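Colleague: Got chain A sorted already, so can you dock chain B onto it with the hints?
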Amino acid sequence: MFDIRRISNSRWWHKKKTWILFGIFLFFVFIRISKGSLYKDFYYFVSRPFWPGKFQKEVILNSVDQESFIKLNLLNRDNIRLREILNLQESSNNDSISAAVISRKTGSWWRQIILNKGSKDGVEIGSAVIGPGGLLGRISNTSLFTSSVTLLTSPESKVGVWVDRTQINGLMVGLADNYPGLILYSKDADIKVGDFVSSSPASTLLPPNIPIGIVKSVSEELEAKKTAKISLLAKPHVIDWVQILKEKI
Amino acid sequence: MGANFERKNLMNKFYKKNFPIILFIFIPVIFLWHPNWLGFLGVQPYWPLFWLLPWAMINGSINGIIFGLFLGLILDSLTLNSNFTQIPGLILCGFLFGRIKFHSDIFVGHFRYGLICSFGSCLCGFLYFLQILFKNSADSNFFLFIPSLQNILAEVFLTGFFAPFFCSQILRVFKLSGAKSTLKNVLKK
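Those protein sequence lines, which keep their order, are chains A and B.
So for the first sequence, this note's numbering puts the first residue at 1; every next one is plus one.
So for the second sequence, this note's numbering puts the first residue at 250; every next one is plus one.
The shape of chain A in the complex, shown without the other chains (with noise of 0.2 Å):
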């Protein structure tokens, strides 16, 4: 009647699948707390023979190009000229790395795109994304050969903008649709549809200046806010090829 006994092989941590299993958790956790980078390099490999073609990015360099040529003269000389007068530093070089969107992700809640560069190719953590219109996002994550953005639609990027008219300052937040919103911290704030938004000079995230958007939509003020809606210039479901701003602010 006593003798029955615990076998020693029937414990939990006697069994070899729960140690496999928990293996297995540890290495997803490993993946997890990478944010997924080898994954994002296999990725990589595995969308090489599928990359936009080069033919593309001449085309889009060549219309780039001829649109930008006569305004960067124009701005260039201003820009110096003003930078004298106020006796601001000389900007730094505008450097940026050129890179095929290898992966888009531009709908539902998770709204962010991944490049063909990573850190070998000197891609830094919060550097700015633009593409033909203006800006996309910001470097969130770097692997060896990839990089993501964060889109400005994505829920999680929060960046500062500014009305360009009225020289307001104001924050941009993603919103998981195609508008991210504005939200102006003040009730009297002059805002109207067709208003172009840039980055904010206050920033001290982004460069000042990059066009962003244009007011899509004002709402009616709550509890001393102002908020609108923001139709982006730079469009991240058709854009091929982007340029990493290696700018420092």
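Hints are all accurate, no fakes.
Here are the simulated DSS-like pairs of lysine-lysine, each with C-alpha atoms no more than 27 Å apart in a straight line: (1) A:Lys17 to B:Lys266; (2) B:Lys266 to A:Lys16; (3) A:Lys158 to A:Lys216; (4) B:Lys424 to B:Lys350; (5) A:Lys35 to A:Lys120; (6) A:Lys235 to A:Lys35; (7) A:Lys15 to B:Lys266; (8) A:Lys192 to A:Lys235; (9) B:Lys384 to A:Lys187; (10) A:Lys225 to A:Lys187; (11) B:Lys384 to A:Lys35; (12) A:Lys192 to A:Lys158; (13) B:Lys384 to A:Lys216; (14) A:Lys117 to A:Lys246; (15) A:Lys71 to A:Lys246; (16) A:Lys229 to A:Lys187; (17) B:Lys384 to A:Lys158; (18) B:Lys350 to B:Lys266; (19) B:Lys384 to A:Lys225; (20) A:Lys246 to A:Lys158; (21) A:Lys229 to B:Lys384; (22) A:Lys235 to A:Lys71; (23) A:Lys17 to B:Lys424; (24) A:Lys216 to A:Lys71; (25) A:Lys192 to A:Lys229; (26) B:Lys424 to A:Lys16; (27) A:Lys35 to A:Lys246.
Computed footprint of chain A on chain B; a stretch qualifies when at least three of its residues, placed anywhere within it, have a C-beta under 8 Å from a C-beta of chain A: (28) 286-295; (29) 321-328; (30) 331-344; (31) 393-404.
In short, the hints are calculated from the structure, not lab data.
Source: prediction; values computed, not measured.
By construction, the Cβ of each residue, glycine as well, lies at the ideal position given by its N, Cα and C atoms.
Modeller: Only chain B this time, still in chain A's reference frame:
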């Protein structure tokens, strides 16, 4: 020639046996790939559910919870949102899917996958949305996020639309490969 044939046979057996695991590895790849031509309003079907439903139906709730957790960990690592997680939704789905029995009528069973996956996607979507609302509740900006509910609706529609096709095929493959034994084999090794 005989050795070649044997090697080929062994390879085939290996792939057949480990097909569920190979599919599991490719879920994050398709999640990153984000094929636009399969999307609606820029939203994709919720891919992990297509794998989790057959797996949990064959192997039960505990396995569903474990692999829901694993899927959540991988997918969270690929998305940049460090404040929000997909783990609770996938674990809950893994548990619920494990309690579902096979339907005797193949045709009804086929379309039932659509309904179940729609429900799962709705559950995951709302749990994610609630996290976003909770995080932004302090700033009283949460009302701005209400239009993003369209993401949930589009995802529920697409997941339900594609589930009958994907789930039946994956379930058939799992049954052929003996998904139950695959897990046991993985654990035995």
